[in-house]
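These are the residues of each chain, in order.
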Amino acid sequence: METPSITGETAPAGPPAAGADLFRLNGAGYIVGGTRILAPLDLAIPAGRFVALLGHNGSGKSTLLSMLGRQLVPSEGEIVFAGDAIGRYGSREFARRVGWLPQQPPLAASMTVAEVARLGRYPWRGAFGRHGARDERAVADALDRVGLATMGERAMTSLSGGERQRAWLAMLLAQEPACLLLDEPTAALDLKHQLEVLRLLSSLKETHDLTIVMAIHDVGMAVRFADHLIALKAGRTVFAGPPEALTKPDVLSAIYDLPIGTVRPGETGPTIVYPL
Amino acid sequence: MRLGLFDPPEDVFAAVMFHYATLPRIVVSLVAGASLGLAGAAMQAVLRNPLASPTTLGVSAGAQFALALAALAGPAATVLPREAWSLCGALAATGLVYLIGRRTGFEPARLALAGMAITLFLSAASAALILFNEQQLAFLFLWGSGHLAQSDWTSATILIAAFVAALAALIAASRAIGLLAVGDQLAASVGLKTETARLAVLLLAVALTACVVTRIGVVGFVGLAIPAIVRLCRPRSVARSLLASAVLGGLALFAADALAQLSSELTGRLVPAGAVTALFGAPVLFVLLSRTRLPARPHQPAGHTDGRFHDAGLGLLAGLAATLVVVAAAALLIGRTGAGWELLAPSGDGALFLARLPRVAGALLAGAAIALSGLLVQKIVGNDLASPELLGISNGAAAGIVFSALVLGVLSRTALLLSGIVGALGATLVVLWFARRHRDQIAAVLLAGIALGVFLDSIIRIALATASMQAVALLTWLSGSSVLVSLPEVLGLGLLLAATVAVVLAFRRPVALIDLGAEVPQALGLKVRAVQTGMLALAALLASAATMVIGPLSFVGLLAPHLARALRARRLAVQVAATLLLGAIVMTLSDFVGRVAMAPWQVPGGLVAGLVGSLGFILLTSRRRVAGAGA
Amino acid sequence: MTRRFVCQLVFAALAGLTLLAAPAGARAAGPEAGPASTPVSGKERIVVMEWAGLETLLALGVTPVGAADAGGYREWVSTPALPEAVAEVGSRQEPNLEELARLKPDLILSHAHLRPLKGKLEAIAPVEDVTLNGTGTDTYEAVLEGTRRIGALTGKAQAAEALIDSADTAFEADASKLAAAGLAGRSIYFVRIIDGNALRVHGKGSVAGTVLSRLGLTNAYQGTVNEWGFATVEPSALAEDPKAAIVVAGPVRDDQMAAVFDTPLGRALPAVRAKAVHGLPVTWTFGGIPSAIHMADAIAAALTQRSAETGN
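Protein chains in written order, with my numbering: chain V, 1 to 276; chain Y, 1 to 631; chain S, 1 to 312.
The following block holds chain V by itself, in its conformation from the complex:
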C-alpha cells in the first residue's frame, strides 16, 4: 500500500495556483566586496510559468538565480518564497520544493547516471533515512522522463553533453520539486541538444506542473519556449512580461544596446531575432 505522502515528510504543498507569485523579491540586492552586483530588485516570479532570464554577461542573471536557490544570501532586502521568507525554510525542506543547478554541474567522474539521479532523494531521506520503493520509483520515473532509463549504469563521464545535462535534470526531477532554477542549461550544448533540453523542460513544465526559472542567452530560444521573460541590465530589471511584449525591436535594442530587428515568418512560426 503506497500513498504519495509518507509519515514524517512534508510533501510539497502543491504549487500555488497559476498566477500567484512563487518568488517575490522586495528590494533584494547583492553587493560583494563593495561592488554592487545586483541593484535592489522588486520582482515577482509567477508560479506555474516558464520564466526566462535574459541579459548579457555580467547583467546579474546568475546572481539572481543563486539568491533564489539560496546559494547566496541577499545583502539587502528580502526574498519571499511561497508566502514565507526564503531563509525560514529548513535546508532539506527547501530542497524538496526548489531544485537548483549551476551553470557547470560537477563532473561527477566516479558516479553513474542512476547514482546522480538518486542524489535527488537526499532532501527526502537525509543522511540516515532508508531508501524505499517510493524513492526507487521516483528515481526510475525521473530517468525515464529524461530518456535515460536504459543508461542508468553508464558512467557520467561517458555521456555526451546533452545526455549529461539530462542526467542532472533527472536528479532535479527525483527531488520532486515545485520549481526548477537553471543557470544557462543549454550554454555548453550544440543546437540539436539545446532544442532537445528545452523541449524536455517545456514538456516537464506541463506534466509535472513545474515553475521553471532559467537563465538563457539566446533570445530566440527564450521567446520560443518561455511564457514569461525578465531582462536584466547592469543589475537592474529592464523588462518583465510576456514574449510578445519583448519581441519589439526597440525593447530588445534597449536591453542589448544593439540595434536589433525581429521577423516572424508566418502567423504561427517562432519569432526570429537578429542584430542589425
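Each statement offered as a hint is correct.
Where chain Y lies over chain S, by a calculated footprint (3+ residues, C-beta under 8 Å): (1) 228-242; (2) 269-278.
Residues from chain S that face chain Y, not an exhaustive set, calculated with beta carbons under 7 Å: (3) Ser91; (4) Glu98; (5) Glu99.
Hint data in this document are derived by calculation from the structure and do not stem from the laboratory. Ideal placement from N, C-alpha and C gives every residue a C-beta, glycine not left out.
With the hints as your guide, set chains Y and S onto chain V.
Just chains Y and S now, kept in the frame of chain V:
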C-alpha cells in the same frame, strides 16, 4: 692613504673583513635575490601560473638534495663542480614537475601541488641522509636555510656572471615570453614553437636557481612573492616586469639578510637569511592565494573504458585483508640482528614478540589512520593530490613537538603527543579559518595549508639550526618512531581509528555528496560547511595521532586513497575499507623494511614509506589520462 | 602460518592486557631481568648508548658487549680503541632494541637524551642514565660525576678515581710543558669546522673550555653558548681576540681547513697571519675523561710544535 675598498691593507682585519666579507655579502644578497626574483617572474610568465616559483616547482629542493649527495660522495664527486651537481638535481626535480604539469595542462594549483609534493619528498630524503651521516652533514641544517656569509668574492663573481647572462637572455626573449604569457594558441599562431620556447626559458630559470642554491643554499619564497608584488603594479611589458622582479628581489633578500644578521646579533645564534624569507614569504603566498582565481574542482580522470564502472567488491577487500595478514605476520615473526635473519619460534621468545607487537601494530594502525585522513582531505578539497602531509596538518604536529621539546624542554612521550595534537589542531584551525574566508576556492585552501606547512617548517628549521645536537635526536622523533609506541598507545590509536571509521561510514551519504563540491550538495539541502568542518577535524585528529608514529612525511595519506581508486574501489564504504587496508599494508611493510634492511641500523618506517610512496605517486601520475572534456 | 599467527596474537593480547593492568609486570616479563634490586657491581654484559660512556668503559678496562654507532666511534673518537667483537646496536638516537635484547645485557648504560626510550630499554635490562654531555651545566663536572658513577656501576670505582687522577696528572704535565714553552695564559679559540662560513666554537661550560683553563691557557671565546657549551659562528668572529691562536678539532681534512683559513678573509685572520692555526688529530669534543686527556695532549703538542707549521 688606502681606503681598503679595492685593495685592503692585509694587516687591518676590519678592512679585510669589509672588503671580503661585508661587501661580497651585500653583493651576494642583492644578486641572489635578483636572480630568484628573475627566475620566478620568468617561470610564472611562461607557465601562466602565479604560483610557479623556484620553491613551488621543486627546483631548490632538487638542487639541494643533489648537493647533499655530492657532499656525501666526498672526493669522488669533485670530478664535477658543485654547480653541475646542483643543476642535475634541479633539472631532475623540475623535469618531473614539468611532466606532471604537461599532463594537466599546466593548471596552476595542480602544478604547484606537484612541485611542493616533490619538495617535501626531497626533504624526507635529506632527512634520511642526515640520520645516517649526522656529522658529515651537520652543515645541511644551516645551508639548507640559506646562509649568506662570505669570505671572498668567488660566490659574488659567479652569481653576477650567471645573473647577467640570464637577464640578457631573458630580456632578449621577452617578446616570446610575452606571447607565451598570453596563451599558447596565440603564440603558435604567430609562428612561435611554444613548447621549445617554454622549455628554453624554464631551463634558463632552473639553471639560474641551481646556481644560487649552490652558492648560498635554499632561500625560499623570494621567487614566488616578488613577481607577485610586481604584478600588482601592472608593469607595461614583460621586460619591465622581469627587471622590476630582479630589482625588488635583490632588495628583498638584502633586507632579509640584514634582518637575519640583526637577529643573530641579538640572540647570539646564527639565523640564516632563508629562514627569514620563509617567515615573510609564506604569508605572502597566503595573500596571493586569496587574490588568485583557481578552479574550484580540478577535473578528475574517468577510469572506465566502455562507459560502465567495473567496481571492485568484497574480492578486493578479502585480497587486501589477506595481504595485510601476511605482511603483519612477516613483520611480527621475522627479525634481523647482527646474528643474521631470525624466524620467531611460535612457542619461543614471548618477550621478543611482545616487544615487537606494539611497534608493528602501531605502524599498521598509524598507516590506516593517515590513509583515512588522506581520503577525507581529498574528498573535502576535491583534489586527489591533497593529503594531510600537504595541508600543513602534519607540520603542525611536528611544530608542536619541536616547540615543547626545545622551548619547554619536555621529553616525556605523552606530553609530546599532546603538544603534537595541539599543534596539528592549531594548524587545522588556521586552514579552516582560511577556508571560511575563501568558500569557493577550496584548492586555494590546500595551497594555504602548504604555505602554512612551509611557514611552520621554517620555524622548525630556525629552532633546529640553533639547537645543535639535540636537533638530530629530534629529527628521529619527527621522522616517525614506531620504536617508542607502547601497547596503551596502540590501544588508544585503535579506538580512535575505529570511532572515526564508524562515524565516516554512518555519514557516508554526506561524505559522498561532498565529492561534488559545495554548490550542488547545498542545493540538495546538505549543510556543506558543517560536513566539511567535521571531516577536516576528523582528518586532523587522525593525522596528528599518526604523525607521532610515522612522522610528517610518510605520503601514505596521499598514496593509499590513490591506490584504492586505482584498484577500482569506487563506492564509499569499499573505498574507505580499501584505503584503510592499503595504508596499513604500506606502513607495516615500510616499518618492517626499515627495521631489517640495514640492521642493526634502523630507517624510520615513515621515511621508507615516504621514499616508496612518492615513487608510486609519480608512477600513478605519469600513467594518468585526464578527462579533457568539460561539462 | 595463519593459525600460528592467531595463537601468537591471542597470547600477545593476553600479555598486553596484563601489561596494561600492571605496568610493573613488564620487567618481570623480560626473561633476562635478573634480580632487580641487586646492588650494582660486577656487571658483565653492558651495552652503552653513547660514545662518552663507551670510552669511559673502555678506559676502565670494561669491554661492553654492544655499543651504539660503534662505527662512528672508530671515526670520530677512535681512542681508546674499540675491539671488533663489540656489537653494533644501531644509531645513537634510535638503537635497535631487538639487537639489544639479543645481546642479553645485564646493564644498559643510557643517558638523559634517550629518556623517551627508557621504558622500552627497561623491558630488556636494568637501565642506568649517566649523562656526561649536553646537561647545560659545567660539562667537565658532569663528566667527573658520570665517570665515578660508571665506575661504581661496573665495580671499578678505584679505576675511575685513578682515571680522574690520571687526567689531573696529564693536565698538569701538559700545562707545565706549555708554560715551559712560554705559552702560559695564551688565548685560544677551540673550533670545529661545519663549512666554509660556519664554525662551532667551544666556550664556557664545554669540556674544551675546562681543558684550556687546566692547561693554563685562556679561552678566547667568551660569548654565549648552548647547553652543549658551543656556539655556531662565522669565521670573522675568530678575529675578535687578535692575539689568540686557533685550534681545530679533528678529524679535519685539508680542504675543510682551506675553505675557512685559505680565503682572502681567512688569510687576514690574526691567527692565520701569525701562523697560529693548528689542526688536531681526531678529538671528540663531547667525550669523557679519555677524550679530555687526549684533547689536552693534542693541544699541548700542537701548540709547542709551532715551528712545524700545522695550520695552513
